[in-house]
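Colleague: This is what each chain is made of:
There are 2 protein chains.
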Amino acid sequence: MKIQVVENVLKANDAIASANRQRLDAANVLAINLMSAPGSGKTTLLEKTIPAVGNDSRCAVLVGDLQTTRDAERLGQVAVDTVQINTGTGCHLSAAQVAEGLNALDLNRLAILFIENVGNMVCPAAFELGEHVKVVLLSIAEGDDKVAKYPTLFQQADVVLLTKIDLSEILEFNHDRVRDDLSRLNTRAPLIEISSKTGQGMDRWLDWLREQQHQ
Amino acid sequence: MKIQVVENVLKANDAIASANRQRLDAANVLAINLMSAPGSGKTTLLEKTIPAVGNDSRCAVLVGDLQTTRDAERLGQVAVDTVQINTGTGCHLSAAQVAEGLNALDLNRLAILFIENVGNMVCPAAFELGEHVKVVLLSIAEGDDKVAKYPTLFQQADVVLLTKIDLSEILEFNHDRVRDDLSRLNTRAPLIEISSKTGQGMDRWLDWLREQQHQ
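In the order they appear, the protein sequences are chains A and B. Under the working numbering, the first residue of the first sequence carries the number -11, and numbering increases by one thereafter. Under the working numbering, the first residue of the second sequence carries the number -11, and numbering increases by one thereafter.
Hints should not be assumed to be uniformly reliable.
Here are the computed lysine-lysine pairs in the DSS-like style, where the Cα-Cα straight-line distance is at most 27 angstroms [as the list claims (entries may be wrong)]:
no.	chain 1	residue 1	chain 2	residue 2
1	B	Lys185	A	Lys(-1)
2	A	Lys185	B	Lys36
3	A	Lys185	A	Lys36
4	B	Lys185	B	Lys36
A few chain B positions that, by computed beta-carbon distances, are all more than 10 angstroms from chain A [what the hints assert, rightly or not]:
no.	residue
5	Leu12
6	Asp53
7	Ser127
8	Lys134
9	Leu155
10	Asn162
11	Gly187
12	Arg192
13	Gln203
Label-pair ranges, simulated between beta-carbon atoms [unchecked claim]:
no.	chain 1	residue 1	chain 2	residue 2	range
14	A	Val66	B	Lys185	31 to 37 angstroms
15	B	Arg176	A	Asp13	26 to 32 angstroms
16	B	Ala92	A	Pro178	38 to 44 angstroms
17	B	Ala7	A	Asp94	51 to 57 angstroms
18	B	Arg165	A	Lys185	40 to 46 angstroms
19	A	Ile158	B	Arg167	37 to 43 angstroms
Bear in mind the hints are in silico, worked out from the structure with no lab data behind them. Glycine included, C-beta positions come from ideal geometry on N, C-alpha and C.
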């Protein structure tokens, strides 16, 4: 019975995700689901990305957190519109929460919608939101064993961003191990090394982002 | 119906957790549940703690991960016994998984059982395992906003370890913000700043640990 209920929850979620996708497509908005552990730098990346992605790309953000509106306050400085979704004890965003977020936005004014998921390497991977692409972040402060330990998340990635690369000289981090583990799970996603602090890798990330807009 | 099922799952878990606790008490084993985001340094902390805690404190570890036995292999170097529990897609350890882990251990040989939970700041907070104390780690690489963003986890902590403190000079991290946020949620748990790399704070953590053994 428990398993049956879980299946029903996921099916209901997928149906709402499809409806979200149709709304986004109708308004010609690219939706990007960002997933990672807490503190990998999702919000900081968006603070740097949104002003840099181009004047013709008006961006909004849906941001999921258990509590607080801190991220939305930060992103409100750079985005056209920002909606904070508090999940309470929920460990991921659901398609229904995103649908409510879409209701609060004027989609016709937007080119890109970033969906910053709850900081978590497990639950968000199970819930489609209606996004077009999935971006997975891994901070080098988290250790080089995380791709193998959280395969479900990395399997789904359309791009993997290895963040806080400016800490490379201080932290022991085996880049080859991450590349090897990723190549076994996912041959599709490029791995981009990036630092929101120094700007390293930002060009490659922005190029990747612009390519998604033209697909 | 969904909520009903979730309540039943939690009740069933609590019953098994109570049974685990009785088994641990009967064998006079202190059980410690370590919870944090991925990459906060739980495994490294245990690698340093177990050899240092004292000859009369024989330690075992139950370690939860979605996949891989990497942590168990590391901890097998220092612990009397190590059991890896792979949760598949599960975002936390359950009391039933811990009960199976206890079956694989000779509890009468042990003084301390460390339970290294799945790297996750949300789900583990909802599941009692039968432990005596809860240790919550926060790496300063994760950012100073995490106590406010994940209050359920920090409310339950018996001690909070602020890890990777050796990175303080490089990373911007507002220690006062963490102290203030924690003091609003939890007046019981001491906050110990620690570095498994340099050894800073290890004495205070080991003292805290030994106090738990004598309670």
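Colleague: When you look at the beta carbon of Asp53/B, is every beta carbon of chain A farther off than 10 angstroms?
Modeller: violated (5 angstroms)
Colleague: Run the C-beta distances from Arg192/B to all of chain A and say if the shortest one exceeds 10 angstroms.
Modeller: At roughly 23 angstroms from the nearest Cβ of chain A, Arg192/B sits farther out than 10 angstroms, so the non-interface label holds.
Colleague: With a cut-off of 27 angstroms on the C-alpha distance, tell me whether Lys185/B and Lys36/B pass.
Modeller: holds (9 angstroms)
Colleague: Confirm or reject the claim that Arg176/B and Asp13/A have a C-beta distance inside 26 to 32 angstroms.
Modeller: violated (51 angstroms)
Colleague: Please work out if Lys185/A and Lys36/A have their alpha carbons no farther apart than 27 angstroms.
Modeller: holds (9 angstroms)
Colleague: Does the claim that Leu155/B lies off the interface hold, with its Cβ farther than 10 angstroms from every Cβ of chain A?
Modeller: violated (7 angstroms)
Colleague: Minimum C-beta separation from Ser127/B to chain A exceeding 10 angstroms: can you confirm that?
Modeller: Ser127/B is in fact no farther than 10 angstroms from some Cβ atom of chain A, at 7 angstroms.
Colleague: Quick check on a hinted range of 38 to 44 angstroms for Ala92/B and Pro178/A, using CB atoms only.
Modeller: Cβ of Ala92/B to Cβ of Pro178/A: about 42 angstroms, so the range 38 to 44 angstroms holds.
Colleague: Taking 37 to 43 angstroms as the stated bounds, is the beta-carbon spacing between Ile158/A and Arg167/B within them?
Modeller: violated (25 angstroms)
Colleague: Once the closest CB in chain A is found, is it more than 10 angstroms from Gly187/B?
Modeller: holds (17 angstroms)
Colleague: Was Lys134/B rightly flagged as not at the interface, with every chain A Cβ beyond 10 angstroms?
Modeller: Given that some Cβ of chain A is not farther than 10 angstroms from that of Lys134/B, nearest at about 6 angstroms, it is violated.
Colleague: Should the label of Asn162/B as a non-interface residue stand, given a Cβ cut-off of 10 angstroms to chain A?
Modeller: holds (12 angstroms)
Violated hints for the displayed structure, listed by number in ascending order: 1, 2, 6, 7, 8, 9, 15, 18, 19.
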